[in-house]
Amino acid sequence: METLRGRAFTFGDGISTDHIAPGRLFHLRSNLPELARHVLEDARPEFASQVRPGDVVVGGNNFGQGSSREHAPTIMKIAGVSAVLAKSFPRIFYRNCINVGLPAIILDTSPIREGDELEISLQEGTIRNHTRGETYTFPPLPAVMANILADGGLVGHIRKHKDFKMT
Amino acid sequence: MGKTLAEKILSSHAGHDVRAGELVIVRVDLAYVQDGTGPLTVRQFDKLGFSSLPHPGRAMIFLDHASPSPRQELSNDHKFLRAFCGKTGAILSDVGSGISHNIVSERCAIPGDIIVGADSHTCTNGALCAFTTGMGSTDVAVAMGLGRTWMRVPESWKIVAQGAFPRGVFAKDFMLHLIGMVTADGANYKALEFTGPAMTALSMPGRFTISNMAVECGAKVGLFNADAVTRKYLELLGRPEAFIALAPDPDALYEREIVIDVSTITPTIACPHTVDNAKPVTAVEGMKVDQVFIGTCTNGRLEDFRQAAAILKGRKVAAGVRLLITPVSRRELLDGLADGTFQTLAEAGGIITGPGCGACVGVHEGVLADGEVCLSTQNRNFKGRMGNPNSFIYLASPATAAATALTGKITDPRHFMP
Numbered sequence: 000m001e002t003l004r005g006r007a008f009t010f011g012d013g014i015s016t017d018h019i020a021p022g023r024l025f026h027l028r029s030n031l032p033e034l035a036r037h038v039l040e041d042a043r044p045e046f047a048s049q050v051r052p053g054d055v056v057v058g059g060n061n062f063g064q065g066s067s068r069e070h071a072p073t074i075m076k077i078a079g080v081s082a083v084l085a086k087s088f089p090r091i092f093y094r095n096c097i098n099v100g101l102p103a104i105i106l107d108t109s110p111i112r113e114g115d116e117l118e119i120s121l122q123e124g125t126i127r128n129h130t131r132g133e134t135y136t137f138p139p140l141p142a143v144m145a146n147i148l149a150d151g152g153l154v155g156h157i158r159k160h161k162d163f164k165m166t
Numbered sequence: 000m001g002k003t004l005a006e007k008i009l010s011s012h013a014g015h016d017v018r019a020g021e022l023v024i025v026r027v028d029l030a031y032v033q034d035g036t037g038p039l040t041v042r043q044f045d046k047l048g049f050s051s052l053p054h055p056g057r058a059m060i061f062l063d064h065a066s067p068s069p070r071q072e073l074s075n076d077h078k079f080l081r082a083f084c085g086k087t088g089a090i091l092s093d094v095g096s097g098i099s100h101n102i103v104s105e106r107c108a109i110p111g112d113i114i115v116g117a118d119s120h121t122c123t124n125g126a127l128c129a130f131t132t133g134m135g136s137t138d139v140a141v142a143m144g145l146g147r148t149w150m151r152v153p154e155s156w157k158i159v160a161q162g163a164f165p166r167g168v169f170a171k172d173f174m175l176h177l178i179g180m181v182t183a184d185g186a187n188y189k190a191l192e193f194t195g196p197a198m199t200a201l202s203m204p205g206r207f208t209i210s211n212m213a214v215e216c217g218a219k220v221g222l223f224n225a226d227a228v229t230r231k232y233l234e235l236l237g238r239p240e241a242f243i244a245l246a247p248d249p250d251a252l253y254e255r256e257i258v259i260d261v262s263t264i265t266p267t268i269a270c271p272h273t274v275d276n277a278k279p280v281t282a283v284e285g286m287k288v289d290q291v292f293i294g295t296c297t298n299g300r301l302e303d304f305r306q307a308a309a310i311l312k313g314r315k316v317a318a319g320v321r322l323l324i325t326p327v328s329r330r331e332l333l334d335g336l337a338d339g340t341f342q343t344l345a346e347a348g349g350i351i352t353g354p355g356c357g358a359c360v361g362v363h364e365g366v367l368a369d370g371e372v373c374l375s376t377q378n379r380n381f382k383g384r385m386g387n388p389n390s391f392i393y394l395a396s397p398a399t400a401a402a403t404a405l406t407g408k409i410t411d412p413r414h415f416m417p
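So the protein sequences, as listed, match chains V and W.
All residue numbers for the first sequence refer to numbering that gives the first Met the number 0, where the first residue is 0 and numbers rise by one.
All residue numbers for the second sequence refer to numbering that gives the first Met the number 0, where the first residue is 0 and numbers rise by one.
Derived from the structure by calculation, the hints contain no laboratory data.
Just so you know, not all the hints are guaranteed correct.
[As the list claims (entries may be wrong)] Distance condition first, Cα-Cα at most 27 Å in a straight line; then the derived DSSO-like pairs of lysine-lysine:
no. : chain 1 : residue 1 : chain 2 : residue 2
1   : W       : K157      : W       : K287
2   : W       : K46       : W       : K78
3   : V       : K86       : W       : K231
4   : V       : K86       : V       : K76
5   : V       : K161      : V       : K86
6   : W       : K46       : V       : K164
7   : W       : K86       : V       : K161
8   : W       : K86       : W       : K46
9   : V       : K76       : W       : K408
10  : W       : K86       : W       : K278
11  : V       : K76       : V       : K161
12  : W       : K278      : V       : K159
13  : W       : K278      : W       : K157
14  : W       : K231      : W       : K2
15  : V       : K161      : W       : K46
16  : V       : K159      : W       : K46
17  : W       : K157      : W       : K312
18  : W       : K231      : W       : K315
19  : W       : K86       : W       : K157
20  : W       : K2        : W       : K46
21  : W       : K287      : W       : K312
The structure displayed is predicted, hence computed values, not measured ones.
Using the sequences and the accompanying hints, generate a full structural model.
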């Protein structure tokens with residue numbers, strides 16, 4: 000599994016899927032590249048123009064709450080986000096991230112500051128903060144979710160195994 | 000050791016006994032999507048390599064979010080979904096039929112079922128003692144194609160509601176109160192079981208309101224026992240054979256128990272921009288509103304409109320306030336036309352729309368202007384939810400909504416109740 004590296008974009012608690020993929024852009028859901036130009040617009044209007052491939056979204060509590068719209072993690076991935084870190088995730092968003100192949104990592108994000116250079120190893124379960132010279136650890140995913148993520152998402156996983164690989 | 004409702008239902012669908020904390024594959028009785036999540040499901044269904052549905056009668060497609068379509072892009076999405084139903088035999092619930100969750104209640108949910116939907120409020124049918132939960136588009140595409148999904152068996156919380164609801168206090172007030180207490184992520188991944196005398200006495204519409212909002216404190220599902228109230232509801236719908244009595248074992252293990260005496264609750268309101276920002280209505284009474292919306296999968300049933308009509312009858316909505324009325328389904332619309340409820344609401348100045356999600360999802364039928372305030376009976380008040388990030392949404396019961404529409408300011412409904 001590759002190492003992910005990029006700058007931290009920090010967000011507060013309770014970022015909802017309405018912040019990430021606003022309901023007023025409902026009509027763009029069948030045009031994901033266009034919808035991705037508005038990713039996280041209602042939390043940080045400048046985000047889509049600033050994010051670069053590899054960058055990391057860092058949230059607080061309950062990042063991704065609300066609607067089941069999978070378009071939210073999908074457009075984060077399309078925009079180049081390599082991983083999303085948060086203190087907690089609601090279950091639908093967490094599952095959706097893994098299903099679209101976007102690593103969602105639960106850890107105490109409070110030491111991470113805007114712009115910090117982060118390097119994530121999914122295999123080791125570590126995040127190196129090069130800006131602060133700190134290393135954080137996170138627990139591994141349950142086997143089925145790790146398998147889905149390793150297969151690049153749920154589509155690749157099911158195409159490969161024809162079922163869920165639970166162990 | 001006995002089983003919780005979640006453990007019972009998941010065990011029966013896993014083919015072996017399961018316990019909280021286990022990850023299991025379960026059979027799915029019904030998988031559904033709506034017009035916001037469905038087009039992606041259909042595209043993923045194709046990418047997954049599925050070409051047909053193993054059980055076409057266990058897949059449903061609902062056109063309810065943009066209903067009828069306000070834009071060509073969404074009209075094309077609708078056309079795309081209708082074509083999928085034509086090709087695969089999935090059941091189509093077209094524009095004007097109503098909101099997915101309520102159609103599922105009316106037509107097919109059975110106590111003990113497992114139902115997954117690409118909509119976070121799929122948990123609504125926990126009120127019928129079905130294990131119903133929201134998932135993303137791809138998860139539901141797999142559930143449609145394989146007839147199964149994986150789940151973590153949730154730990155359960157027992158919510159015991161004692162006492163009787165006082166005047167002006169309803170299921171919505173109870174749930175906003177509970178979410179305020181538990182917080183938006185307090186029950187993440189858990190199954191809630193609602194029990195106690197106040198829940199046993201509660202009507203099915205009230206139970207749907209509560210189960211619908213289980214996700215707003217993070218829960219995977221909010222379950223009620225399948226009891227005499229459930230039986231009567233299914234009989235009235237003409238499907239008495241669907242009833243199966245279901246309750247947890249007396250020695251089931253709960254992670255947490257919360258006891259609430261509902262007689263101590265007052266009319267409750269969630270303030271912008273989070274559902275757990277719950278306060279007594281009296282704390283914000285007098286706040287001017289521009290729009291009042293009564294409807295949605297939370298509070299768009301005839302019982303809800305009757306509560307509003309009891310307050311609005313013979314009166315007029317305040318000048319400068321738009322009162323939007325959106326029934327949850329065609330069935331509820333027809334029943335409310337037959338008994339005069341919608342006549343009363345229209346005479347008071349209400350704008351009656353066709354059945355569906357209406358203004359709740361920010362697509363059409365009541366998008367707010369910059370700086371405007373809406374009091375809504377919906378389940379969510381996130382920034383931008385109703386189509387404008389510069390507007391403000393308060394959540395309350397249909398009675399509080401009706402009283403607020405009359406005065407143009409957030410109003411305690413008890414002022415207008417006998």
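Non-conforming hints, listed in increasing numerical order: Those not satisfied are hints 1, 3, 5, 9, 10, 12, 17, 18, 19 and 20.
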